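A.B. asks: One letter stands for each residue in the lines below.
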Amino acid sequence: MMASSYNAKEEDGHHSGAPAHGGAAAAAAKSKKPDNTAFKQQRLPAWQPILTAGTVLPAFFVIGLIFIPIGIGLFVTSNNIREFEIDYTGVDVDSPCYSCARNFSWNNTAPCLCSVDFTLEQPFESNVFMYYGLSNFYQNHRRYVKSRDDSQLYGDRSALTNPSKECEPYRMSDGQAIAPCGAIANSLFNDTLELYHIDSNGTRNTIPLVKKGIAWWTDKHVKFRNPGGNNNLTAAFRGTSKPVNWRKPVYDLDPSDPDNNGFINEDFIVWMRTAALPTFRKLYRIIQKKAVTTPTLPSGRYVLNISYNYPVLSFDGRKRMILSTISWMGGKNPFLGIAYITVGSICFFLGVVLLIIHHKYDTRNNSADIPN
Amino acid sequence: MTWRSPLAVVRDALSGQRAREKDLRNLVSNLPYEGLDRAKQPNRYFPGNAIKTTKYTVLLFIPMNLFEQFHRLANIYFVGLAILNFVPVVNAFQPEVALIPICVILSLTALKDAWEDFRRYQSDRKLNNTPCFIYSRREKQFMERRWKDVRVGDFVKVVCNEIVPADLLLLHTSDPASVCHIETANLDGETNLKQRRVVPSLCISDPELEPESFNSIVVCEKPDDNLNHFKCYVEKPDKEKVGAGIESLLLRGCTVRNTDHAVGFVVYAGHETKSMLNNHGPRYKRSKLERRLNTDVIFCVILLFVMCLVGAVGHFVWLQSLPSVPPYLVPHSAGLLDSPGLSGFYMFFTLIILLQVLIPISLYVSIELVKIGQIFFITNDIDLYDEETDSSMQCKALNITEDLGQIEYIFSDKTGTLTENKMVFRRCSIMGTEYPHKENAIRLTVLDEHESEEEVIFNQRPLPPRAGWTLDPEDTNPERKQHQPGSQRKSKVSGNAQRDAAFSSPLETEVIPDRKLLQQISGAECGGWQIDPYLDFFLALAICNTVVVSMATAQRQRVNWLSHSSQRNTPLDTLSNLVKRAGSFRHIFTSWQHTPKQSRTLSEDSVIEEDHFNPPVKTEGAGDTNGLQTCSLQTPSQCDKPAATSNKLSYEAESPDEAALVYAAKAYGFTLLARTHDSVTVRLPSGQDLEFEVLDTLAFDSNRKRMSILVRHPITRECVLYTKGADYAIMELLGTPYAEHFSGSQKNIASDTQHHLDCYAKEGLRTLCITKKVVCDEAYESWSVNRQRALAAMENREELIMETAVQLETNLSLLGATGVEDRLQESVPDTIVALREAGIQVWVLTGDKPETAVNIGYACRLLEEEDLVINMSCNNKRTCTSILDCTLEEVRRYNEDPRNVDTTPDISLVIDGRTLTMALASDLQDRFVDLAKRCRSVLCCRVTPLQKSWVVKVVREKLKVMTLAVGDGANDVNMIQAADIGIGISGQEGMQAVMASDFAISHFKHLKRLLLVHGHWCHTRLANMIIYFFYKNVAYVNLLFWYQFFCGFSGTAMIDYWLMIFFNLFFTSVPPIMFGIMDKDVSAEMLMGVPELYRTGQGAGEYTFSTFWVSILDAFYQSLVCFFVPYLAYQDSDIDVFTFGTPLNTISLFTILLHLSIEIKAWTLVHWVIMLGSVALYFIVTLAYSAICVTCNPPSNPYWILQSQMADPMFYLICIITTVVALLPRYMFHVLRNSISPSPLMQARHLDRLVPSSRDQWIKEWRTFRGGGHVKRSGLSTPTSPTLDTPVDIYPQSPTASDIT
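In order, the protein sequence lines correspond to chains B and S. The first sequence runs contiguously to residue 372 in UniProt numbering. The second sequence runs contiguously to residue 1301 in UniProt numbering.
Derived by calculation from the structure, the hints in this document are not laboratory data. If you're wondering where the values come from, they're calculated on a predicted model, not measured in any experiment. Idealized CB from N, CA, C, for every residue including glycine. Worth double-checking, as some hints may not be accurate.
[Unchecked claim] Taking CB as the label site, the calculated pair distances span:
(1) S:1194 x B:217: 15 to 25 Å
(2) B:40 x S:213: 53 to 63 Å
(3) S:52 x B:47: 44 to 54 Å
(4) S:1192 x B:200: 30 to 40 Å
(5) B:334 x S:321: 27 to 37 Å
(6) B:289 x S:107: 51 to 61 Å
(7) B:334 x S:1261: 27 to 37 Å
(8) B:40 x S:112: 44 to 54 Å
(9) B:290 x S:1206: 32 to 42 Å
(10) B:289 x S:1175: 37 to 47 Å
(11) S:1194 x B:200: 29 to 39 Å
With these hints in hand, go ahead and build the complete structure from the sequences.
C.D. replies: Below, the structure is given as structure tokens:
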């Protein structure tokens, strides 16, 4: 500290000699005079907005005018979305899945089957997305969220046999690494849902459910990979063990389609994307529109066949099946439309209030008498 | 280097330690040992001259810096959190990730430290490699070496203008008188030259010193840091001891001046030198805002604990409510789950980690950065730059800039602070006769009115007498003209470059003699030596001081002068020469006075006076009677040469009064030619040089308030004591009036002089009394013995010395008194008025007499004519109490009287030092402070430095206000340190005040801009920045908190942790810092024009309890909106954790930045770049991160999340509405407040937008409306008597001797 100031003084000493030699210019160059620049003198040209009723008025009206139409549009879009939801948890004694819900154990080998009838009042015109919904399932619990090994799922061979510690206690089973490890995979939703339309004749027509294309493209093609490619998964997963709660190993998730088996099974991928909120839905199947003229799901009676594997009563959970069409804004949610309309109206109202205020007070601002 | 056993090394180290610790050191010359290896060197134990001020070494930088940084509590907190994160049961993130913030902060600080250290290293290296001359035995001469090569025991030669490399014991100088002049500006800032003498009786008369023949031992003390103390003795081979002290020591860092070369023996080198031992670090002060900030940080800690507690309890309740173990509860590796209670307990800590950002650790770093920026702008303000001294504003305390915006009380010194402390001799009174020096006064007025053209006038005015006096104008004029540009330029840069001259302005150095007095002198001069008080008076002026005659500006210039000297007489000298020949040249003199030229005609007085101006008839006759060659007309050639030499003299005075008096004496022909330790040479008007032997000098001290010099008169051989001092310190020491046995006229000189003194004081002049005393030889001898004993005493030396001084200073004979004007600095009245309008109470604390002080008070508009001035001056406690009570009662009544609401004149208080002591006694303190609080301004006279600081402390503590003390001298140091902010004015009185201060300015007027503009800006900027910082952290962290309600209080973060860190470190950190450095609510012109705006910062200022909590509440509201709007929009959808977090993060960014843009008052290009840059950075970094990171950051899977979100229109719709809803209330609040009841600042901003001309019009109108635009009082010449209409006016008419004791 001192040394530097000392030094500065020393320079003084040097240039004190300068003028004597007639080098006044040198001394002037070394002057400590601050630069007279706009930046250093804090005189940069500046835009100085002043928020007063008069200046912000237009903004409020503009916001109001933009928000209200958007809100209406959103609201209408949301209302046009067909959505049907049915709870098949089996809490009530008279519900079809009651017994399945009661007599549950992860170790049951035989699936418990039940079926729920329902009626669609209105036809679903476009593609229908079939979701399963879980309530009170805290997929976002901190320790649960962490309990996975992304490297393993990425097809990393070393991680396959030696998964991350984060997977504990679902990391090793009987000395073998669990694939896929961790609590998320272990708790994979394993109910199977089948949907039948009962036509006017009373015959049950199976509705074709597409099980591919339900996961994010990037997940399916980038984040999740089978170790050693998609051929001969059994060999690839040799030396690993299935998650404790699973009935079958990961390479048997969809034996029919090698492109949907192992880690890249789309049901698995969807499950692994942990839900943000305790009540959530996850895409299960897509019902594709067959023809332009006929609705995808005509109104009428339907049967949902459930192989009831997944216990939710231990945490007061609910299971639902949701059928929904989809718009550009996603699923049915009137909230955003209402919010836009409300906020737009409030802004408009505030605009009017400000207009009044402006007329009442604005003259004073210009008179510039500073009270004090 | 040869191998040595470890034992020997240890032994050597131990003996080295012993050698260094010993109280006395024996040093011998290194020369006989030159070339031998280190172990044989006698002085090897003492450190070399290489210095190292760096704190760190390259290798040990990291551990040492970390150790240093962990002294900060905040860092320990952060590390504690990071460690906590390594505990598996409570960790919130991956442990390594939690280290990032602390690492970033630590490494930023380390970088800063490393840079500073590197700068120190560079300057060390530069110093260490500075060349110097060391004697080498091998070469038999002084060889150029580096500073770092200097060792204790070396002989070092320093040449003129060179800096002394180490502490040297002076052995030889080129000066015939064996003195060496040094300038200690680098050490204590004092620019006057000091003399150092060669060690007595070591004086080697040879022209060159032979270092090899030096075979004595130098015994000196252990080094200490006292710059004014040094003791050593030199033991010659014959065992003779010669003592030497500080007067023979050249200190490292001093500059040698006026001495061709000097040779010294190195006694201390490197870190043991006195300058290095004096090298302390910068001061650390904590600002008021920071103190408040710390309490709010504690609030944040409480808030954090409450939130964590809510989380912990929530987690417990949530776990309790679960009917059985759900699949999403992950047991520990053992497969067991913790009990809900234990989980809740752990969760508390997890949440502390998760929500840690709530405690704004980065705030401290940001504040530091902001302050660096603010200081950068303050120091670069061109309006605070002083052209004359080439000095800009200095900030010494780096962390109290914002306190400048909250000042409520200013305590100012008078001399040198309000006034220029450039003394101008105005009047004198000799033997009871007043000499008004009207011509001089007129000259000053002329100069005053053309202050800006000062130099022009100076250069023009002297010409006419030249023209009128036909000595040899043809010769001189061309030379002059040729020389003028040079000299003019020199005086311009003199402040910085030519530190040699105490005064560069002609204003102070020139005095036009009073004609009547001149006549007296020339009469007296020939009258005889013993009895003329006039001669004595001027001799006393010339001798009785500590002024050092600097032979010249520098050695180099000496050559020039010799060639120019004969032509370069200043008119003044010519004038005095002329006057010496007064009789015959009278007509010339008068013709000069009447020369119409460019100066104004003289007032009628002077014309009338002319009648009294009788030619000195007796001059010649009387001159010869004494056998002196006086009063005779000399031929021009004879007189020219000495006059020329004297002209080159420049005087170095410790106090400007002394210089003023010496210049005054010079004007009358009594020129101080030289001063050495034991002699003073004065040239008499006759041209004769008198050399007085100085027997002793009794230096000035603040207790005696006087100084004396004891000389032996060269003609009469009498011992004469000349004393000068404050009138009250002198008057009581007077013996029989000198006049009585002089002229027979029995008038009482003392009372006449006292009368004049009072008049002077009323005019605002500083007064000094001059006395003489003839000491008979026997008395001197006996006193001298005492004196020597006192000087030799080891204990109580100071007291004894003072006692001897007092012994001698009795029975003085009054010669006369002088009145010296201390002119007000430029625009002091304006500044004081502005400060007062800004709501600041200005107190002036001065050592002057009440009359002088009151007068200055009126002149600088501290007091106004319509003020109610209360004078408090009393002799005992009882009256003091009653006066205080009465006054207080009166003032209260005045204030409470409803009739006086509008008409009450402002109340001012004038109090003197003695009364102040009583009033500040603990029982009266409260009453006094209460009274002072009600007064608009307070003037304390005759206060001691200690009282000054006492007043400051009492006001500061009793009223709990922000105080600022401003001063320029050593007597203000106490006060400067006692106040919240100390401001030093780098003026005439050295640098002690500046050294002790937090900010240093060069003029009092700069205070206005410093406080009103920079103070206001710094305060509002920092306050708003801090509030915003708190808001930002709370708003962001609360998003995480609200999420806890939806994840079972499990401590999940829905935002990728990297992005969270980046959010605070990069995306939102620069805008607030920029806001804190650059925001400008009101323009500088407006702030200067309307000082009332300053009031907004006083008291709590912008940063109050309510603003803090309002912004916290706003943060809560905004975070609620930012969380729940997306929550409701994504409710019951298939959104996943981190996809949900992405819009939240984005919304937060927009909300936080837009919130800031509502707060930003002025958008410059920098603002736009940084704000838009922050948004762009967010998107670029997040997009890149989400594109690259597939499996890199395990719990979160940022891969392609933002991309997919940005492809979704919902994302934008949600972002827009959330931001609007979140900011609507604050926006609306601002709009309504600005529209319905705009604050003064807001109105000022409205005015700011007008074009400058109409704005100035507004300001002017507004000010006249306020009554602020009084007609400016015209200087000191028309003092108005204070309106003393209070019942309590017990003002001492004039302090008499009895009054003072």
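A.B. asks: Please list, smallest to largest, the hint numbers that this structure does not respect.
C.D. replies: 4, 7, 8, 11
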